[in-house]
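Given next are the chains, with one letter for each unit.
Protein chains: 2
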Amino acid sequence: MSGVLASDLPGEEWVACDTIADVLDLTASGATAFGVVPIENSLEGSVNITLDWLAHEGGLVIAAEAALPVSHHLLARPGVSGEQIEGIVSHPQALAQCRGYLRNHFPGVPQYAAESTAAAAERVIRDPEDLAAIGTRLAARIYGLEILASEIQDEANNRTRFVLVAAQSRWTEEQQREFCRRHGASKTSALITLGEDHPGALYEVLACFARERVNLTRIESRPTRRGLGSYHFFVDMEGQWWDPAVIRAVEGIHETGAAVRDLGTYPVIA
Amino acid sequence: MSGVLASDLPGEEWVACDTIADVLDLTASGATAFGVVPIENSLEGSVNITLDWLAHEGGLVIAAEAALPVSHHLLARPGVSGEQIEGIVSHPQALAQCRGYLRNHFPGVPQYAAESTAAAAERVIRDPEDLAAIGTRLAARIYGLEILASEIQDEANNRTRFVLVAAQSRWTEEQQREFCRRHGASKTSALITLGEDHPGALYEVLACFARERVNLTRIESRPTRRGLGSYHFFVDMEGQWWDPAVIRAVEGIHETGAAVRDLGTYPVIA
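In order, the protein sequence lines correspond to chains E and D. So that you can map any letter, position 92 of the first sequence is 92 in UniProt numbering, and since no number is skipped, the others follow by simple counting. So that you can map any letter, position 147 of the second sequence is 147 in UniProt numbering, and since no number is skipped, the others follow by simple counting.
Okay, chain E solo, but in the shape it has when bound:
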């Protein structure tokens, strides 16, 4: 995403974090102006840690989104060959996305979970064993690792939607409007919590969008953590939070007894 954003955020310093939660925490606290986190993958679905953080912690809005192809590479310390590899380390989703490759090329070699592909690359550097990490070209460069094999993901149709997030207090509606004007088409994300749980409650909410011809591009349920069977819903819609049709839809949803929280109006920049 750094390339895509370079023109919008000139001169920004980039900080790497080990975990998604660290990125969100740092951004919410104001220590960083923006954070970049994955929110959805075309094969694995939602990135739950991101959705749950947005729902349960709050204070962040989405400022932009970009869908990027996922490329996984096998990284090892310089001089270490494939035959020497004693273990493979990466984020569980990266390991899962290279399952076929690992089965064919490294059968029986133990796999270790890391909190991120960056953390995996770092572990390769400091582990006494000859490990290989599944990670990015950027990680190879940062940690001085060699690429043993490139593009090792099993499915070509592998894309991840990343979002740029900002602290709500620092990323005003005025800035959202300006950012959307500069980039054209825009989307809005919202979190909907149904009121008293009754048959058809979700249907009533969707009816409000349909009546105003607001098109939903995505709806995703997540547990509220109040117990099995209790959900809230993330929706992505075409349009902007301040569009009259969206305002009327949100008013209608409030009338059904459900709550709607604005998670940001933002441009799609890739």
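A couple of the hints might just be wrong.
Distance ranges between label pairs, derived from CB positions [claimed, not checked]:
| hint | chain 1 | residue 1 | chain 2 | residue 2 | range |
| --- | --- | --- | --- | --- | --- |
| 1 | D | Ala96 | E | Trp242 | 35 to 45 Å |
| 2 | D | Arg141 | E | Gly229 | 25 to 35 Å |
| 3 | D | Gly184 | E | His105 | 18 to 28 Å |
Quick partial rundown of chain D residues pointing at chain E, CB under 10 Å, derived from the structure [said to hold, decoys possible]:
| hint | residue |
| --- | --- |
| 4 | Leu43 |
| 5 | Phe106 |
| 6 | Asn157 |
| 7 | His198 |
| 8 | Pro199 |
| 9 | Asn215 |
| 10 | Arg218 |
| 11 | Ile219 |
| 12 | Glu220 |
| 13 | Ser221 |
It should be emphasised that the hints constitute simulated quantities derived from the structure, not laboratory data. Where is the CB? At the ideal position from N, CA and C, for every residue including glycine.
Following the hints, position chain D against chain E.
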């Protein structure tokens, strides 16, 4: 679930598998009459491997469901004390659900991912290091491990819905009807794939259920793997696949251009 099912499946032999996919594969192939897999957790949400298997592999129906409390225990080889533990191994979801406990009691101790809590317990037996596994009392008994600490999960409100699955060819509608009669209340699960993607397509589908007063207890979207923005939906409804209202709702959904696949009508037995 074994206790719950003992009266329904007397004399069945129980087979342990390392992964959810193994359970589903064995059951679909007819090697086992039934499989028991988790489908949803009150904190972590859907178990995607189960949903995706049901969607993409096919051939299985849900025969029963049971929601059980989740209890995690810390297991080590007999004679190994907490101070000696060099690493903690478990399924990533179990590690996540004990994050607070591990941070307080085992700060800085490395964590390793296993494919299941059973596989974690097995690793404790054979690993040269003194590892501890997060797992069940049953695993402690099977693998001869000692319980160093019990009930170490961070949140009390932690329940998992398990489903009993059977091969579609072996678990007929007649058997489903008989099983539901014996246990009372029943639910039906279905997979809905929208037709040509157009604004309001999901809303039209939900309208069919609402019109027939069929109550949906859950709706969950998963990627179809055809690319970002392409989803199908798992729905759970009150009622039975052969109820007139459900039949009319399904007919209506077909008329919208969407496809509906029956994933089984089954009793809720716990």
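Ascending list of hint numbers which this structure does not respect: 3 and 5
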